[in-house]
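J.: Hey, can you work out the whole structure from these sequences and the hints?
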Amino acid sequence: DAMVIQNPRYQVTQFGKPVTLSCSQTLNHNVMYWYQQKSSQAPKLLFHYYDKDFNNEADTPDNFQSRRPNTSFCFLDIRSPGLGDAAMYLCATSRVGQGSYEQYFGPGTRLTVT
Amino acid sequence: GENVEQHPSTLSVQEGDSAVIKCTYSDSASNYFPWYKQELGKGPQLIIDIRSNVGEKKDQRIAVTLNKTAKHFSLHITETQPEDSAVYFCAADTGRRALTFGSGTRLQVQP
Numbered sequence: 301d302a303m304v305i306q307n308p309r310y311q312v313t314q315f316g317k318p319v320t321l322s323c324s325q326t327l328n329h330n331v332m333y334w335y336q337q338k339s340s341q342a343p344k345l346l347f348h349y350y351d352k353d354f355n356n357e358a359d360t361p362d363n364f365q366s367r368r369p370n371t372s373f374c375f376l377d378i379r380s381p382g383l384g385d386a387a388m389y390l391c392a393t394s395r396v397g398q399g400s401y402e403q404y405f406g407p408g409t410r411l412t413v414t
Numbered sequence: 133g134e135n136v137e138q139h140p141s142t143l144s145v146q147e148g149d150s151a152v153i154k155c156t157y158s159d160s161a162s163n164y165f166p167w168y169k170q171e172l173g174k175g176p177q178l179i180i181d182i183r184s185n186v187g188e189k190k191d192q193r194i195a196v197t198l199n200k201t202a203k204h205f206s207l208h209i210t211e212t213q214p215e216d217s218a219v220y221f222c223a224a225d226t227g228r229r230a231l232t233f234g235s236g237t238r239l240q241v242q243p
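The listed protein sequences derive, respectively, from chains A and B.
Residues in the first sequence are numbered consecutively from 301, following our numbering.
Residues in the second sequence are numbered consecutively from 133, following our numbering.
FYI, nobody ran anything at the bench for these hints, they're computed from the structure.
There's no promise every hint is true.
[As the list claims (entries may be wrong)] Partial chain A-side listing against chain B, Cβ under 8 angstroms, derived:
id : residue
1  : A342
2  : L345
3  : L346
4  : H348
5  : L390
6  : V396
7  : Y401
8  : E402
9  : F405
10 : G408
[To be verified] Cβ-Cβ distance ranges computed for the label pairs, FRET-style:
id : chain 1 : residue 1 : chain 2 : residue 2 : range
11 : B       : V152      : A       : N307      : 35 to 41 angstroms
12 : B       : L172      : A       : N363      : 23 to 29 angstroms
13 : A       : T326      : B       : R193      : 27 to 33 angstroms
14 : B       : Q146      : A       : P318      : 48 to 54 angstroms
15 : B       : S144      : A       : Q341      : 18 to 24 angstroms
Note that this is a predicted model, so its numbers are computed, not measured.
The beta-carbon is built from N, C-alpha and C at its ideal position, and this holds for glycine as well.
T.: The following block contains the structure:
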């Protein structure tokens with residue numbers, strides 16, 4: 301089945317130690333998103349790639365970076381994680397164009413910062 | 133930018149009853165309104181969506197209604213079952229390939 305895959309599902313990192321989360325998709329969608337979701341809150345968009353075009357949200361901290369080396373993969377880099385960055389990180393994909401808007405989410409990576 | 137408000141924040145119903153969740157949005161240019169179901173420890177799952185050119189859409193036990201004039205849309209679940217228990221999010225498109233989400237509704241279906 302075509303899907304959005306996130307690895308790892310659970311990640312523990314130390315305060316200040318860089319961490320990378322990965323997302324891959326078999327849907328061949330042209331847009332990939334990264335969201336942060338804290339407990340009992342709505343997903344908050346950090347940034348998205350439209351093909352190779354990177355789109356950052358205005359309030360996303362500089363501590364968060366992203367890379368999309370090809371259509372299928374997208375990475376979230378947290379350069380110096382703080383305790384406040386502990387959250388679920390969700391990757392989503394969409395095929396924008398031809399009137400399509402649906403976003404499909406992966407299972408998420410739960411990040412713990414110690 | 134787009135602002136989406138969702139009510140209620142929690143909803144408890146008896147199995148077999150109906151559940152209704154309501155959302156309002158601020159940007160009259162929004163054209164796409166999806167609903168997501170999120171179970172504990174999982175990513176949100178798209179369950180139904182509606183575009184601005186229709187007023188109602190139904191898929192088995194779930195339906196969504198849209199009133200563009202009033203800028204509100206609602207999710208209706210009939211004949212609720214315990215497996216419907218989850219957090220439900222509404223959303224609206226921002227016109228920038230992005231969605232703005234409501235704050236979520238925790239639905240509990242009591243057997």
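J.: May I ask which of the numbered hints given earlier this structure violates, with the numbers listed in increasing order?
T.: Failing hint: just 3.
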